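**Student:** Now for the letters of each chain:
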Amino acid sequence: MKTPKERIIFDNLSREFNGYSREDAIESLEEQEIFNPSEQAIYDELYELEELDWLDEKARFEEMFDGNMFLVIGTCGLWHGNVAAGKVITSWNELMQGFKDCEYFKFWDENGHLFMSGAHHDGTNCFEIKQLTEKGASMWKNWEYGLCTRKINELSLREIHQKLFTTNAYSKIPHFAHRFYGCPKVENIYEKEAS
Amino acid sequence: MDKQDLFEAFFSVIVHGNGKEIADFFNEQLNMGKKSEKDLKFLIQSLQLYRQNDMVYEHKEIFKTFIELARKELEKI
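Those sequence lines, one after another, are chains A and B.
With the working numbering as the guide, the letters of the first sequence map in order to residues -11 to 183.
With the working numbering as the guide, the letters of the second sequence map in order to residues 201 to 277.
Please note that the accuracy of each hint is not assured.
[Said to hold, decoys possible] On the chain A side, residues computed to face chain B include the following (Cβ under 10 Å):
no. : residue
1   : Val60
2   : Gly62
3   : Leu66
4   : Val71
5   : Ala72
6   : Gly74
7   : Lys75
8   : Gln85
9   : Phe87
10  : Ser105
11  : Asn141
12  : Leu145
13  : Arg146
14  : Phe153
[As the list claims (entries may be wrong)] Short derived list, chain A residues pointing at chain B, Cβ under 10 Å:
no. : residue
15  : Thr(-9)
16  : Gly55
17  : Cys64
18  : Ala73
19  : Ser79
20  : Glu82
21  : Lys88
22  : Thr112
23  : Asn113
24  : Phe115
It is worth saying that the hints were derived from the structure and are not from the lab.
The structure displayed is predicted, hence computed values, not measured ones.
All residues carry an ideal CB built from backbone N, CA and C; glycine is no exception.
Produce the complete structure using the sequences and hints provided.
**Tutor:** Right under this line is the structure:
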């Protein structure tokens, strides 16, 4: 049995400080010639290391967006349960508007598919992000202005999102881990099936 | 109430309110027959922006309905 390997891009949701340990913080401080640091200094350094990673990934996402159109589809966790959600975006800021109440995030890549989760006090938002192709972006703009065929124009927002998301001609997976980290496009974990 | 306060209030009621609370809030905001043209235009613009930013399909529908109501109120003036 094979499952796609989670290539973690950033994660302070399921692990503290994006995976940095006390030892990492102490080592980082020693590189700055700060020895025998206080507990407060260690925690400050952990926050600093996490923040630096966040800014690095933000810059990579901004490079990925670069004027291109993306579609995010998934669910938002509200007080009464998970509800369907989606949005066409062209920038990091637009992406983060949908996560404005979130404090903890996880971004990861599975064989080129890009996912993100964000946790807030009512629940967790989970989304997949795909890039619209030229054809997909054109269809989206035409749908917004009612310029598609009658059949397409009559689709609801959710339906047009689904159409764009599930049709290869209209959207493609971003291959974030391959593009920015040089990871293989496909990476699976193989487990022996119980006999 | 400035734009930011209005957004916060919308966000709070949309995310945390039940159907009746949402309807009450919107009716209060519309305050049928008592809003000026300027107030209603501001409300419609704010709602359009919020509808654009919200990712939840259900919420977008609520905003759409409310925008239509506000437009009808505007037509009466």
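**Student:** A separate judgement is required for each hint: does it hold in the structure or not?
**Tutor:** Going down the list of hints, with the structure as the test:
The interface hint given for Val60/A is met, as the beta carbon of that residue sits about 7 Å from the closest beta carbon of chain B, less than 10 Å. Taking 10 Å as the C-beta contact cut-off toward chain B, the hint placing Gly62/A at the interface holds, the least distance being around 8 Å. Annotation: Leu66/A was flagged as interfacial toward chain B, and the flag holds, the nearest CB pair being 6 Å apart, inside 10 Å. Restraint check, Val71/A versus chain B: the minimum CB separation of about 5 Å is within 10 Å; hint holds.
For Ala72/A, the suggested interface contact is upheld, since its CB lies about 5 Å from the closest CB of chain B, less than 10 Å. For Gly74/A, the suggested interface contact is upheld, since its CB lies about 6 Å from the closest CB of chain B, less than 10 Å. Checking Lys75/A against chain B: minimum C-beta separation of about 5 Å stays under 10 Å; hint holds. Hint status for Gln85/A: holds, given a least beta-carbon distance of 5 Å to chain B, under 10 Å.
The interface hint given for Phe87/A is met, as the beta carbon of that residue sits about 9 Å from the closest beta carbon of chain B, less than 10 Å. Violation of the interface hint for Ser105/A is found here, the shortest Cβ-Cβ separation to chain B being roughly 14 Å, above the 10 Å cut-off. Here the hint on Asn141/A is broken, as its CB sits about 16 Å from the closest CB of chain B, past 10 Å. A distance limit of 10 Å between C-beta atoms decides the matter here; for Leu145/A the minimum to chain B is near 6 Å, and the interface restraint holds.
Look at Arg146/A: its Cβ gets to within about 5 Å of chain B, closer than 10 Å, so that hint holds up. Annotation: Phe153/A was flagged as interfacial toward chain B, and the flag is violated, the nearest CB pair being 13 Å apart, outside 10 Å. Look at Thr(-9)/A: its Cβ only gets to about 28 Å from chain B, farther than 10 Å, so that hint breaks. A distance limit of 10 Å between C-beta atoms decides the matter here; for Gly55/A the minimum to chain B is near 19 Å, and the interface restraint is violated.
Checking Cys64/A against chain B by beta carbon gives a least distance of about 5 Å; that is within 10 Å, so the hint holds. Restraint check, Ala73/A versus chain B: the minimum CB separation of about 4 Å is within 10 Å; hint holds. The closest approach between the C-beta of Ser79/A and any C-beta of chain B is roughly 13 Å, which is over the 10 Å cut-off, so the hint fails. For Glu82/A, the interface hint holds, since its Cβ comes within 10 Å of a Cβ in chain B; the closest pair sits about 8 Å apart.
Of the supplied interface hints, the one on Lys88/A holds, with its beta-carbon coming within about 9 Å of a beta-carbon of chain B, less than 10 Å. Against a cut-off of 10 Å between C-beta atoms, the interface hint on Thr112/A is violated, since the closest Cβ of chain B lies about 14 Å away. For Asn113/A, the shortest C-beta to C-beta distance to chain B is roughly 8 Å, which falls under 10 Å, so the interface hint holds. With a least beta-carbon distance of about 8 Å to chain B, the hint placing Phe115/A at the interface is held under the 10 Å criterion.
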